[in-house]
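Undergrad: Sequence:
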Amino acid sequence: MNIQYTKIHSGLCRFDPRTKIILLAITVFAATIAPSLRHVWVLVLFITLFGCTCGKIKRSLGHLIFFAIFYSLTLYVLSLETGVVYTMFVAWMGLFYKVYPCAMLAGIILSTTSVNEFLTAMNKAHVSKGIYIPLAVMLRYLPTIREDWHFIKDGMRLRDISLSFQSFIRCPGMTIECLYVPLLMTASKAADELAIASVTRGIENPHSRTCLIQIKFRIQDILLIICFLFLLVLNAVEIGGAV
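Basically our numbering = 1-based index in the sequence shown + 368.
In case anyone wonders, no lab produced these hints; they're calculated from the structure. Careful: at least some of the hints might be erroneous.
As the list claims (entries may be wrong) - Here are the simulated SDA-like cross-link-like pairs (lysine to any residue), alpha carbons at most 20 Å apart as the crow flies: (1) K521 / T554; (2) K497 / I390; (3) K466 / V396.
With the sequences and hints as input, model every part of the structure.
TA: Structure representation (structure tokens):
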């Protein structure tokens with residue numbers, strides 16, 4: 369338990385799970401109404417700083433570098449102004465810039481929030497159990513599937529089967545049999561096991577939960593929410609000025 373806690377909370381600051389949910393909601397609105405790519409850049413920088421503060425430095429910087437490369441590609445495509453490439457990618461790129469900041473922040477949140485903290489925070493916020501219990505099971509489900517995915521890849525490697533496109537073309541039946549069939553069976557089995565384990569551990573207990581970690585809003589939570597709200601208001605003001 370201590371090892372897991374240290375692995376999750378290895379950053380400079382520890383934020384309340386409710387703060388992370390608020391940030392995700394603000395990011396969705398900010399990315400949706402962003403008037404230009406410059407505003408999306410600022411939003412991604414904010415998320416990168418948040419991820420580095422939480423201890424996810426390599427992941428955050430990796431996402432930032434990928435975004436910078438895609439941004440350069442976008443500028444090149446937009447410079448074409450006409451042509452097949454411009455027509456094919458301009459609408460898809462618009463969708464990418466709406467989704468990418470939200471997905472980036474969601475990945476950081478999932479990797480820095482334990483299930484126990486999440487349940488305690490939702491209980492303090494008086495959220496209905498019908499809402500946060502499925503989310504808590506999902507928080508355990510994704511790491512379980514990721515672990516099983518590595519086991520499946522190791523087994524395929526022993527049979528000299530890779531996940532490359534060439535391997536799929538050479539022996540598609542064997543690739544599907546060794547990849548998708550075990551993955552589907554593992555996904556179904558993991559869902560049942562996690563549901564049973566959650567009930568066994570008293571996730572539906574009507575009484576208030578206890579937690580070894582103190583869950584409360586701190587000064588860093590308030591400052592972080594203010595920074596993201598400022599960015600959201602700035603986007604809204606620029607849209608209003610343009611209208």
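Undergrad: Are the Cα positions of K466 and V396 separated by 20 Å at most?
TA: Roughly 8 Å separates the two Cα atoms, so the pair holds.
Undergrad: Keeping to a limit of 20 Å between CA atoms, is the pair of K521 and T554 held or broken?
TA: holds, 13 Å
Undergrad: What's the verdict on K497 and I390, does the C-alpha distance respect the 20 Å limit or exceed it?
TA: Within the cut-off at roughly 19 Å; holds.
Consistency with the previously given hints is maintained throughout, with no hint failing.
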